[in-house]
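Let chain V serve as the given structure and place chain Y on it in line with the hints.
Protein sequence lines correspond, in order, to chains V and Y. Residues in the first sequence are numbered consecutively from 1, following the numbering used here. Residues in the second sequence are numbered consecutively from 1, following the numbering used here.
FYI, nobody ran anything at the bench for these hints, they're computed from the structure. Wrong hints could be hidden among the right ones.
Coverage of chain Y stretches by chain V, computed from C-beta distances (three or more under 8 Å per stretch; other residues unrestricted) [as the list claims (entries may be wrong)]:
#1 49 to 56
#2 78 to 90
#3 115 to 124
Listed next, the in silico EDC-like pairs over lysine to aspartate or glutamate satisfying Cα-Cα at most 20 Å (straight line) [to be verified]:
#4 Lys-11/V <-> Asp-69/V
#5 Lys-114/Y <-> Glu-64/Y
#6 Lys-11/V <-> Glu-46/Y
#7 Lys-11/V <-> Glu-123/Y
#8 Lys-73/Y <-> Glu-16/Y
#9 Lys-11/V <-> Glu-52/Y
#10 Lys-73/Y <-> Asp-111/Y
#11 Lys-114/Y <-> Glu-52/Y
#12 Lys-11/V <-> Glu-48/Y
#13 Lys-73/Y <-> Asp-10/Y
#14 Lys-73/Y <-> Asp-20/Y
#15 Lys-114/Y <-> Glu-46/Y
For each residue, glycine too, the CB sits at the ideal point set by N, CA and C.
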Amino acid sequence: MVTVLFFAAAKEAAGMELLRLEVSQSLSLLQLQQRVLQLVPALQPLQSLLLWAVNNQYAVPAQVIESGDTVACFPPVSGG
Amino acid sequence: MIQLTDQPLDYAAITESVRDPAAGAVVLFLGTVREFTAGQQTEQLEYEAYREMALASLQQLVQEAASMYPLVKVAVVHRLGVLQLTDVAVAIAVSTPHRAQAFAAGQWLIDTLKQRVPIWKREHYVDGRVQWQHPSQEAAVAPVVGEAS
Chain V
1 MVTVLFFAAA
11 KEAAGMELLR
21 LEVSQSLSLL
31 QLQQRVLQLV
41 PALQPLQSLL
51 LWAVNNQYAV
61 PAQVIESGDT
71 VACFPPVSGG
Chain Y
1 MIQLTDQPLD
11 YAAITESVRD
21 PAAGAVVLFL
31 GTVREFTAGQ
41 QTEQLEYEAY
51 REMALASLQQ
61 LVQEAASMYP
71 LVKVAVVHRL
81 GVLQLTDVAV
91 AIAVSTPHRA
101 QAFAAGQWLI
111 DTLKQRVPIW
121 KREHYVDGRV
131 QWQHPSQEAA
141 VAPVVGEAS
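Excised from the complex, chain V in its bound form:
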């Protein structure tokens, strides 16, 4: 099971705070992104903006995702 968290405009577009996905085997972040965008088409217009983190660290598309990981999906940050 992988948990995907959404924040700010991504949460608003998705209409949900989180999504839980069964993963039968490890997959790349890129593959996970494709699954999330298929399951939540409302995120597709934001696709080019979205940033992704795995277990609290920004991650590259090739990063391997395993069951138990927490993935986060959000737009560019604007704190301060």
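Using the frame of chain V, we list chain Y on its own:
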């Protein structure tokens, strides 16, 4: 001191927390809620964070700053929730032996926080419109990936 809080920031206490006999300089930066941005009038601002990652990211920021500048002490506190005009959204206090290092470290910390820490602001304009702010929207440049752990 590294904190996210829903309460108003006590910037006097935050400044006090970095005072030290080894420091000859203390610099405090406050980010405050501004009324006009590009001609648009703000009524209030709302901040949301990915708290767990934001705290980890702030810790990392402070560690990096400490490797670049001779910090004696440092405090970074960001407020979340709904803020009114002039409210303090972020306070960064640093102390160093000499003033140039304190100004430089404070500048680096706020600049890097704004690029990297997962916190978002939503503008509530006086005309009733509400809009998430994504400053790097045009560039859509991801922050540094694979930061040193």
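A quick look at each hint next to the structure:
1. Interface restraint, the stretch 49 to 56 of chain Y with chain V: holds (6 residues with C-beta to C-beta distance below 8 Å; minimum three).
2. Given a C-beta distance limit of less than 8 Å, the hint that chain V covers the stretch 78 to 90 of chain Y holds, as 3 residues qualify and 3 suffice.
3. Figure legend: the stretch 115 to 124 of chain Y, annotated as covered by chain V; annotation consistent (8 residues with Cβ-Cβ distances under 8 Å, at least 3 required).
4. With a C-alpha separation of about 19 Å, the suggested pairing of Lys-11/V with Asp-69/V holds against the 20 Å cut-off.
5. Simply put, Lys-114/Y and Glu-64/Y have alpha-carbon atoms about 15 Å apart, close enough for the 20 Å limit, and the pair holds.
6. With a CA separation close to 15 Å, the supplied pair Lys-11/V and Glu-46/Y stays within the 20 Å bound.
7. Taking the CA atoms of Lys-11/V and Glu-123/Y, the gap is near 16 Å; set against the 20 Å cutoff, the hint holds.
8. A C-alpha spacing of about 10 Å is found between Lys-73/Y and Glu-16/Y, which places the hinted pair at or below 20 Å, so the restraint holds.
9. Proposed proximity of Lys-11/V and Glu-52/Y is supported: the alpha carbons are some 17 Å apart, at most 20 Å.
10. Annotation: proposed proximity of Lys-73/Y to Asp-111/Y holds, straight-line Cα distance about 18 Å (limit 20 Å).
11. A threshold of 20 Å between alpha carbons decides the hint, and for Lys-114/Y with Glu-52/Y the separation of about 17 Å falls inside it, so the pair holds.
12. Of the pairs offered as hints, the one joining Lys-11/V and Glu-48/Y holds, with about 11 Å between alpha carbons and a cut-off of 20 Å not exceeded.
13. The suggested pairing of Lys-73/Y with Asp-10/Y holds, with an alpha-carbon distance near 17 Å, which does not exceed 20 Å.
14. Among the hinted pairs, Lys-73/Y with Asp-20/Y is consistent with the structure: their alpha-carbon atoms are about 8 Å apart, no more than 20 Å.
15. Distance hint between Lys-114/Y and Glu-46/Y is fulfilled; the C-alpha atoms sit about 16 Å from each other, no more than 20 Å.
Checked against the numbered hints given earlier, this structure breaks none of them.
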